[in-house]
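Please take these sequences and the hints and turn them into a complete structure.
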Amino acid sequence: MDKHTNSVKAHLVAHMRDFGLLFALIAIMAIFQIATGGILLRPVNLTNLLLQNSYIIIMALGMLLVIVAGHIDLSVGSVMGFVGALAAVMIVSNDVPVPIAIAVCLVAGGIIGAAQGYFVAFWRIPPFIVTLAGMLVFRGLTLWLLEGQSIGPFPKEFQVLSTGFVPDIFPAAWGAGLAEMVGARKFNVLSLALGIVAAIGVVVMGVKKRSRDAEYGIDSEPNSLFWVRNVIVSGALVFLMFKLSTFRGVPNVLVTMAILIAIYAFITERTVIGRRIYALGGNEKAAKLSGIKTERLTFIAFVNMGVMAALAGLIFAARLNSATPKAGFALELDVIAAVFIGGASMSGGSGKIIGAVVGAFIMGVMNNGMSILGIGIDYQQVIKGLVLLAAVFFDVYNKQKQG
Amino acid sequence: MSTLLEMRTITKEFPGVKALDQVNLVVERGEIHAICGENGAGKSTLMKVLSGVYPAGTYDGEIHFEGALATFKNIRESEDQGIIIIHQELALVPELSIAENIFLGNETAKGGVINWHEANQHTEKLLAKVGLSEAPTTRIDSLGVGKQQLVEIAKALSKDVKLLILDEPTAALQENDSKKLLDLMLELKSQGVTSIIISHKLNEVGFVADTVTVIRDGMSVSTIDASNGVSEDEIVRDMVGRDMSDRYPAREPRAGEMLLEVENWNVWHPEHSERQVIKDISFNVRAGEVVGIAGLMGSGRTELAMSIFGKSYGRKISGTVKLHGTVADVSRVDRAIDAGLAYVTEDRKSLGLILDETIQFNTTLANLDGVSKAGVLNANSETKVAEEYREALKTRTPSVFQKVGNLSGGNQQKVVLAKWLFTGPEVLILDEPTRGIDVGAKYEIYSIINDLSADGKGVVMISSEMPELLGMCDRIYVMNEGALVGELAAKDASQERIMSLIVTE
Ligand SMILES: Nc1ncnc2c1ncn2[C@@H]1O[C@H](COP(=O)(O)OP(=O)(O)OP(=O)(O)O)[C@@H](O)[C@H]1O
Ligand SMILES: [Mg+2]
Chain A
1 MDKHTNSVKA HLVAHMRDFG LLFALIAIMA IFQIATGGIL LRPVNLTNLL LQNSYIIIMA
61 LGMLLVIVAG HIDLSVGSVM GFVGALAAVM IVSNDVPVPI AIAVCLVAGG IIGAAQGYFV
121 AFWRIPPFIV TLAGMLVFRG LTLWLLEGQS IGPFPKEFQV LSTGFVPDIF PAAWGAGLAE
181 MVGARKFNVL SLALGIVAAI GVVVMGVKKR SRDAEYGIDS EPNSLFWVRN VIVSGALVFL
241 MFKLSTFRGV PNVLVTMAIL IAIYAFITER TVIGRRIYAL GGNEKAAKLS GIKTERLTFI
301 AFVNMGVMAA LAGLIFAARL NSATPKAGFA LELDVIAAVF IGGASMSGGS GKIIGAVVGA
361 FIMGVMNNGM SILGIGIDYQ QVIKGLVLLA AVFFDVYNKQ KQG
Chain B
1 MSTLLEMRTI TKEFPGVKAL DQVNLVVERG EIHAICGENG AGKSTLMKVL SGVYPAGTYD
61 GEIHFEGALA TFKNIRESED QGIIIIHQEL ALVPELSIAE NIFLGNETAK GGVINWHEAN
121 QHTEKLLAKV GLSEAPTTRI DSLGVGKQQL VEIAKALSKD VKLLILDEPT AALQENDSKK
181 LLDLMLELKS QGVTSIIISH KLNEVGFVAD TVTVIRDGMS VSTIDASNGV SEDEIVRDMV
241 GRDMSDRYPA REPRAGEMLL EVENWNVWHP EHSERQVIKD ISFNVRAGEV VGIAGLMGSG
301 RTELAMSIFG KSYGRKISGT VKLHGTVADV SRVDRAIDAG LAYVTEDRKS LGLILDETIQ
361 FNTTLANLDG VSKAGVLNAN SETKVAEEYR EALKTRTPSV FQKVGNLSGG NQQKVVLAKW
421 LFTGPEVLIL DEPTRGIDVG AKYEIYSIIN DLSADGKGVV MISSEMPELL GMCDRIYVMN
481 EGALVGELAA KDASQERIMS LIVTE
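From first to last, the protein sequence lines stand for chains A and B. Quick note: the first sequence uses UniProt numbering, first residue 1, plus one each step. Quick note: the second sequence uses UniProt numbering, first residue 1, plus one each step.
Careful, some of the hints might be misleading.
[Unchecked claim] Here are the computed lysine-lysine pairs in the DSS-like style, where the Cα-Cα straight-line distance is at most 30 Å: (1) Lys384/B <-> Lys285/A; (2) Lys73/B <-> Lys9/A; (3) Lys18/B <-> Lys399/A.
Just so you know, the hints here were simulated from the structure itself, not pulled from any lab data.
Structure (C-alpha cells):
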C-alpha cells in the first residue's frame, strides 16, 4: 500500500505539467460553474463555448507546430481578419460561388504563410519581425478590402460552416424517447452516440499504449492513476456530448475541430515529418547535420499556419455572418497564450497538440465565464495575462526543481 | 599533511538510476587527487554533489570541508568556501572578453559601476599566472579550446581558491596544450592549492596525481597512492574490474577496392571570404580501410570533413567526391547520407544530439525512413533499434527512454555513434570519436570500427590522440593549415614522423 501511494506520488510529480493542466481546466470550470450559478455548463452555453473557441483552437494547432519548430507567428489574427474580408468581398459583393470562394481563401492563407515562411526559413529573418510586419500588412489590407465597413450577410450555404449542426441519423422515435427520459424538449441521439464512441476510443487507445509501454518496460503510470484519469476524460466527453444532445446536437465546427485535432495529434506524435519538427526545434544544428531539411520544414510550418488561420477566418466570418475590420484583432495573443499554457516551450522542441487544445479551452472557459459574470474587458485582460504568467512560471519552477 | 576534504558514504539517486552508492573520498591538503572511472561511473555527479549543484538534502551522506560539516545549498555557497569547479562543459560566454568572463558574477563594482580599468589590470595578472599573454579584452571565441581552459582556471584563481576541481580538463586539448595545463596544476600545487582532476587520460593521471580514487558503478573501489607513480594497468584493472591487456583490438589490414575518392577539394571560410580553409586536398579510402587524419587543432580537419558532408561548412566549395568510382552528390546532408556517408561530429552536445529528447529519438533521427512506412513511424521498431544499439555499444542507461541530456559524457558519445551506425554508411567519418571516453568504452568503439571495416566499409578517423591513430589506422594523412602535408603507411608512422611532417611545412 505504502509503496503504491509512493509510486502514484512519484508519477504525479514527474508528470506534474500534464496533470496540472487537466486539473486547472477542471478547477476553472468548477469555479465558473458555481460563480455563474450553473449557466456555464448549460447546453446552450456549452454550444456557444465551442463555437466561440473553435477558431482559436484551430489556429492553436498550427501555432503549436510553429512554436515547436522554434518560431512564432504574430500575424495570425490579422490574416484571419483578412481572409474573412476576402471571403465577404468574393461571396457577398461579387457573387462568387461559396465552394470556390472557400478554396480560394484557403489557398490565399497558404500563400500568405508561404510568403512569411520564405523570409523566416530562407533569409533567416527572425519570425518575430517578419510576422510583426505581416500583422500590420494584413490588418491594413483588411481595412482596404472592406473600405472600413462591415460586409454581410453571407448566404446560408456559407453560414453552416460555423452555425450548422450535424443532422441526427438515428430514428426520431429514439430521440423522442430519450428526451422524455431525461426530461428535455428534444434529444439528439447522434451526439450522445458520438460521445460514447469517443470515450471508448480514448480508453482503448490508452490501454493499448499502456500495454506497449509495459512490454518495453517503460515505467508507466500506476494502475489507479491511469483509470482515474481515463474515467475523468471519457466521463467529461460523454457528459459534454450528452449536454449538447439536449440542445441542437453536434455543431459542424465541432466535427471539423475534432478531425483536425486527431490529424495533428497523429502528425506530431506518429509521423516522420512531426518528428523532424521536434528535432528542428530541439537543436537546429544537430537536426541539420542529421540530414533534416530544416529550412523546408520551417517553411512548411508557416504555410500550414497560414492555411489554418484562413480556415479560422472563414469560420469566424460565418459565425458573425459578416466580415468586419476588427475581426481577429489581438486574437494572435490568445492563440499564442493557449499554446504556452498548454506546455510548449518558448525555445522550441517541446509541446503537445492536446496541451494546446486544453490550453485553448482554459482561455475559452475564462473568456466565456467572465463574460457571463459581466466582468469588464479590462479585468478580463488582467486575469488572462496573470493566468498565462502563472502557467509558464509553474513550468519553469517545475523544471528547476527536477533539474 | 592534514585532511582538507572528506566525503563520507555519499549516495545520490536519480529516478531509476543510483548514480552514487556509499562513495567515500578523502583529499589531503596540498595534493592533486585524481578520480578515475568508466563513463557513467558517477565522477561528475560526485563533484556536483560536492560543489552544491545538487544541494544538501538531495543526497545522503556527509561532506566535511576543513574539518567542518558542509551543507551547500548552491554553487555560490561552495565557492564562498573556496571550492571551485570547472565543469566538463566549459561555461564561458563566447561573445564576451576574457576580463568580462573572469569577472562575470563577481564584478569589481563600486555602487554598481564596474571599473574596467582595474578589472583589466587584475585580469592581466591572473592571465600571467596561468601562462597566457593575451590581452584581457580579447574575445573568448577567438581563443582555442586550450586557452579557453586556461581562462577558466584564471577565473577560478580570481576567487581565492582552496580546492580546484577540474572535470576532464584535457579531453578537448591537444597534447602540448594538455601538457601546459598539467604543468600549471603542478605549479599551483607548489603554491599550496589542492586540486581534484577527473580524466580518462591515464598517462596524465600518472603524471600529476598524488592519489587516485577509482569509482566503479557508483561505488568507490580503491584509493591508490600515486606519489611514486602508478601503473596505468593498475588503474584500469580497478576501473573495469578485470585485467585489460590490450588497448587496441587486433586488426588485419584488408584494403579492398577504391571506395571514397576526394579530389582537389577547396573550401573558403564562411565569413572571411578571402581566407581559404581547405587547400586543394585529395585523399582516398579503400573498402575495409581505416584511414586517419592527423593534425593540430585548427589545421582544418573538422572543416574538411564537414564540407564534404553535405557542404555543412564553408563557401565556394569546389572539388569532386567519388564513391565506388562514380561522382557522388554530397551537396546536401540528406544527399550525402543517401550516398553512403556518415559524419560523427566532434561537438556532440551542440551538433550531435538533441539533449532534451530520449536515446531512442536520437538513435533513429538520421534514418527515420528505416523505422517508418509511408511517413508513419513504427514505435515498436524504433524501440527495437534503439535497444539493439544500446546493447551493441553497451550504453549505460536504465532505458532507451532516458533523456540523452541525463547521460554521462561517454554514453552520450555512444548514442551519437548509434545514430550514424543506424544509417548503414559506406564510409564513416569519425571526428574525435573517443573524446571523453573511458578505456573500456574506447576498446568497444575500436572494435566497432574494426567490425565495420571487416564488413568492407571505409572509416576515416580524425583524432588528436596520436596513439589512437597509430593503434587503429592502416594509413594516416597529415594535415597542416588546411593542406595535406604527408601520407604515411601504418608501418612507417610514428608520433615523431607525424610531428616532423607538421613542423617542416
Ligand atoms: N540529471 C540526471 N538524471 C538522471 N540520471 C543522471 C543525471 N545525471 C547523471 N545521471 C546518471 O548518473 C550516472 C553517473 O553520471 P556521471 O555524469 O556522474 O558519470 P561520469 O562518471 O562523470 O561519466 P563520464 O566519464 O562519461 O563523464 C550515469 O548513469 C548518468 O546517466
Ligand atoms: Mg563526467
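Now for the hints, and whether the structure bears them out:
Note on Lys384/B and Lys285/A: the hinted pairing holds, with a Cα-Cα distance of about 27 Å set against a maximum of 30 Å. Taken as a hint, the Lys73/B and Lys9/A pair is honoured in the structure, with Cα atoms around 25 Å apart against an allowance of 30 Å. Distance restraint check for Lys18/B and Lys399/A: the Cα-Cα separation of roughly 21 Å lies within the 30 Å cut-off, and the hinted pair is therefore satisfied.
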